[in-house]
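Participant: Position chain B against the provided structure of chain A, taking the given hints into account.
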Amino acid sequence: MDRFINLWKKYGMITLLLVLVGAFSLASPKTFFTSKTMYNILRQASVIGVLSCCVTMQLITGGIDLSIASRLAFTQIICAQMLLAGIPIPVVVVFAIAFAAVTGALNAVIAELLQTNMFVVSMASMYIWTGICYLTIGARTLYGLPDSYKVISQTLVFGKVPSIIFVFVASALLAHFILSKTRFGRYIYALGSNREAARLAGINVVKSNITTHAVASSFVGIAAVILLSRTMTAGAGTASATYAFDCITACVLGGVALGGGRGSMGQTVLGVLVINVMFNGLTIIGVSDYWQMVIKGIILFIAIGLELLQRYSNLKASKKINVEKVAT
Amino acid sequence: MQNILEIENITKVYPGVLALDNVSFSIKKGEVHGIIGENGAGKSTLIKTITGAISPEGGIIRFEGKEYTHLTPQLSKEIGIGVIYQEFNLVPALSVAENVFLGNYSGKGFTVDFKEMNEKTSKAMERIGVRIDPQKLVWGLTVGHQQIVEIMRSLVKEVKLIIMDEPTAPLTKSETEQLFKIINSLKEQGITIIYISHRLEELFELTDRVTVMRDGQYITTLNTSETTMKELIKYMVGRELSDSYPQRQTPIGEEVLRVENLSGNGVSNINFTLHKGEILGFSGLLGCGRTETMQLIYGVVKKTSGKIFLNQQEIEMKNTTDALSKGIGLIPEDRKRNGAFLNMTIKWNNSIGCLRKKLMKYGIVVDEQKEIDLSNEYVEKLKVKTPSVNQLVTNLSGGNQQKVVVAKVMATDAEIMIFDEPTRGIDVGAKQEMYQLIRKMVSEGKSVLLISSEMGEVIGLSDRIVVLHEGRQMGILESDEFDQELILTLASGIEVEERGVRNHG
Chain A
128 MDRFINLWKK YGMITLLLVL VGAFSLASPK TFFTSKTMYN ILRQASVIGV LSCCVTMQLI
188 TGGIDLSIAS RLAFTQIICA QMLLAGIPIP VVVVFAIAFA AVTGALNAVI AELLQTNMFV
248 VSMASMYIWT GICYLTIGAR TLYGLPDSYK VISQTLVFGK VPSIIFVFVA SALLAHFILS
308 KTRFGRYIYA LGSNREAARL AGINVVKSNI TTHAVASSFV GIAAVILLSR TMTAGAGTAS
368 ATYAFDCITA CVLGGVALGG GRGSMGQTVL GVLVINVMFN GLTIIGVSDY WQMVIKGIIL
428 FIAIGLELLQ RYSNLKASKK INVEKVAT
Chain B
522 MQNILEIENI TKVYPGVLAL DNVSFSIKKG EVHGIIGENG AGKSTLIKTI TGAISPEGGI
582 IRFEGKEYTH LTPQLSKEIG IGVIYQEFNL VPALSVAENV FLGNYSGKGF TVDFKEMNEK
642 TSKAMERIGV RIDPQKLVWG LTVGHQQIVE IMRSLVKEVK LIIMDEPTAP LTKSETEQLF
702 KIINSLKEQG ITIIYISHRL EELFELTDRV TVMRDGQYIT TLNTSETTMK ELIKYMVGRE
762 LSDSYPQRQT PIGEEVLRVE NLSGNGVSNI NFTLHKGEIL GFSGLLGCGR TETMQLIYGV
822 VKKTSGKIFL NQQEIEMKNT TDALSKGIGL IPEDRKRNGA FLNMTIKWNN SIGCLRKKLM
882 KYGIVVDEQK EIDLSNEYVE KLKVKTPSVN QLVTNLSGGN QQKVVVAKVM ATDAEIMIFD
942 EPTRGIDVGA KQEMYQLIRK MVSEGKSVLL ISSEMGEVIG LSDRIVVLHE GRQMGILESD
1002 EFDQELILTL ASGIEVEERG VRNHG
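Chains as they are written, first to last, in my numbering: chain A, 128 to 455; chain B, 522 to 1026.
Among the hints, erroneous ones may be present.
As the list claims (entries may be wrong) - Pairs of lysine to any residue residues, derived as SDA-like cross-links and limited to a Cα-Cα distance of at most 25 Å, are as follows:
(1) A:Lys334 x B:Lys857
(2) B:Lys891 x A:Gln437
(3) A:Lys137 x B:Asn916
(4) B:Lys882 x A:Lys136
(5) A:Lys334 x B:Asn916
(6) B:Lys882 x A:Ser391
(7) A:Lys277 x A:Ile216
(8) B:Lys847 x A:Thr309
(9) A:Lys334 x B:Asp686
(10) B:Lys823 x A:Leu301
(11) B:Lys702 x B:Asp686
(12) B:Lys878 x A:Arg322
(13) B:Lys882 x A:Leu301
(14) A:Lys136 x B:Asn864
(15) A:Lys334 x B:Lys879
(16) B:Lys891 x A:Arg310
(17) B:Lys857 x A:Gly386
(18) B:Lys902 x B:Arg945
(19) B:Lys857 x A:Gln437
(20) B:Lys857 x A:Arg389
(21) B:Lys879 x A:Ile305
(22) B:Lys598 x B:Lys694
(23) B:Lys644 x B:His666
(24) A:Lys308 x B:Asp888
Please keep in mind that the hints were generated in silico from the structure rather than gathered at the bench.
So that you can see chain A by itself, here it is in the shape it has in the complex (with noise of 0.2 Å):
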């Protein structure tokens, strides 16, 4: 059993990734594995791909941030305007990072003013910032805005990759860098792994949770970019799409920890790659949006499963070394 959980934690995720496209290829040769559907696969994995550069960020911190989905149709709809006023593009990128920046860190402040949890504190930022975007457009959904602005995100590479796949690269190895390679991204695990510690060793928790959210937030502005780029249309609808719980799915599928403390940006990376490659196989052999929903609820249970039993491992291992105990 640890043998099979050691195997997991290594190969289990990209095994699986290439037993779902072999499935899917032999049970649709004609649709599934041409380099057409591969390419769209990727292309709508590139949102929730980026968006989940920040989701495992969060976790962690050990944070879940329900509020994602809200902040990125906001941030998509001010740029939309901002677009339609004729607002220079590389102007509006960079807003629009910013921005979400912004509205991460608010999040991020208000809970460590109220010293309560993210959950909490991100739903009643969702409310907040979905009312909003509401309050602004309406239901109207805009459109119309300048043909240069496709370049981001349609532009064929090669082509034929469309560019929307690199910015998600980029995000991801960014985000893999950021998280692996910095001081910022130590502090990142610690403030996870145990935020006490982590403040006795001189770390300044209030200021690292701020700065990572603001800087996790920042991946939601360049979601929005590209979303807006891929539809070139902005609406409030975006707000309660699921994309929270998409993007967590994925990180928790990928092994990232709910807790905090623990998981990394490839984890998440072939979480994201699995769940799309899945739903279009599924959507191509013509299993339907209800049947879908069902199987996402019980991988995420077989991913939780999974999580738990590599602790279980993880504790018999540090029992067999620890013999002595603390009498009192």
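Facilitator: Relative to the frame of chain A, chain B by itself:
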């Protein structure tokens, strides 16, 4: 008077520790019986045996003439044993009466007879002369009243013996007085009470007899009216210090840290000076404010008044980041909760405190080669037993985990190291290594503030000892004044004038 409870040859073994060693004694029916002993004397284990929370390896418990080899929590309740722990087990959102009857509500079928419960509760309260509205919710009660609810819980179950474990620890003075009144009225009604407390004066006020325990052994039982505090302390200490402690190699230097009238966080008017190369010990009973004093110095909690001088310069400690940058490091009391990042690797733990100072390249990137070198250096220096620095800390033994925590602080190059219970929960060999390590640090010119509940450790390692009692400083002992009895006397809050104990410098 006959005995209600007799304990015969009770032995409890934890891996590596003999927590109770052939303990035998008896409690008379209707008496208030005190139990005292230092931290780790075996009082709590003894209580847990009587309440059935743990099973002893050997011996007999005889309650009202009936013999048991061990009890379970249910059984001990059924035969009439109640216990009041320091931590209450109340449901804050329920009323007083509901808490009193929690688990056995009155009523038929699915209905609950609240009226009957409220009346019964009121009646039971009358028995001990208190009045609390039975319908009041528990979260609105003071700590003292919450404790009374706990007592009521035992009372409505026809209890014969109530065990109270440090019941006055969370209480204010007037609440304590009320508790004493309640204890006396319980006694009048023939209920037997076992009373455990660090506070010697309480034992003299309340108890008929006192049993002294030490290192898991029964020492003696005395009639309270025939003994003195001095005698009790003598029995509590009673042992010669046999452990060998490494001796000082280098002389003590100039002043590095001075604290004047430091107050806040539950302590007041703390005064001491720490010199270069010195180990200043802190002694006192649980809750005396040792850890709290260190939290003020390390910037975990802000002081309300007083001054801290570092190298003769007055400083304000804003937070822990500040303390660390000023060269003060803390090895916290609870290694697993506050010290180590258990699910991280040794090298990760080692570097987390000194990343900015030592391990950066290009400003933001961690230099991983340097990190590995640094960690290997400390693993070697502190003799951490591990296959590699990539091992998760959770997989190490307690002693090695503690070394990782110490290495983390050492790596920050702190000049003043605060050790809070550095050897708690680690085995004898690892303890010796920790003593050597602390000695070595001071011989390299560092200065140490050392908190320990183990008397031997404080006396064996310290150059001077500060004794605290309930947030007050009782005195500072020079090494020629070190004496277990004297320390315990001061720690119990008894002023000692004639010995010329100094309280400054």
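Participant: Does Lys823 of chain B pair with Leu301 of chain A here, judged by a C-alpha cut-off of 25 Å?
Facilitator: 38 Å, violated
Participant: Decide if the proposed pair is consistent with the structure: Lys308 of chain A and Asp888 of chain B, CA atoms, cutoff 25 Å inclusive.
Facilitator: 8 Å, holds
Participant: With a cut-off of 25 Å on the C-alpha distance, tell me whether Lys857 of chain B and Gly386 of chain A pass.
Facilitator: At roughly 17 Å apart (the allowed maximum being 25 Å), Gly386 of chain A and Lys857 of chain B satisfy the hint.
Participant: If you draw a straight line from the CA of Lys136 of chain A to the CA of Asn864 of chain B, is it 25 Å or shorter?
Facilitator: 15 Å, holds
Participant: Against the 25 Å threshold, does the CA-CA distance of Lys598 of chain B and Lys694 of chain B hold or violate the hint?
Facilitator: 30 Å, violated
Participant: Are Lys902 of chain B and Arg945 of chain B close enough, with their CA atoms no more than 25 Å apart?
Facilitator: 21 Å, holds
Participant: Does the structure keep Lys137 of chain A and Asn916 of chain B at a Cα separation of 25 Å or less?
Facilitator: 19 Å, holds
Participant: Does Asp686 of chain B lie within 25 Å of Lys334 of chain A when you go C-alpha to C-alpha?
Facilitator: Not OK: Lys334 of chain A and Asp686 of chain B at ~41 Å, beyond 25 Å, violated.
Participant: Quick one, are Lys891 of chain B and Arg310 of chain A close enough, alpha carbons at most 25 Å?
Facilitator: Distance ~14 Å between Lys891 of chain B and Arg310 of chain A Cα, so the pair holds.
Participant: Take the C-alpha atoms of Lys891 of chain B and Gln437 of chain A, compute the straight-line distance between them, and say whether it is at most 25 Å.
Facilitator: 31 Å, violated
Participant: So if I understand the rule, the pair passes when the alpha-carbon distance is 25 Å or less; does Lys857 of chain B with Arg389 of chain A pass?
Facilitator: 17 Å, holds
Participant: Mind checking the alpha carbons of Lys334 of chain A and Lys857 of chain B for me, to see if they're no more than 25 Å apart?
Facilitator: 24 Å, holds
Hint compliance for this structure: hints 2, 4, 5, 9, 10, 22 are broken, all remaining hints hold.
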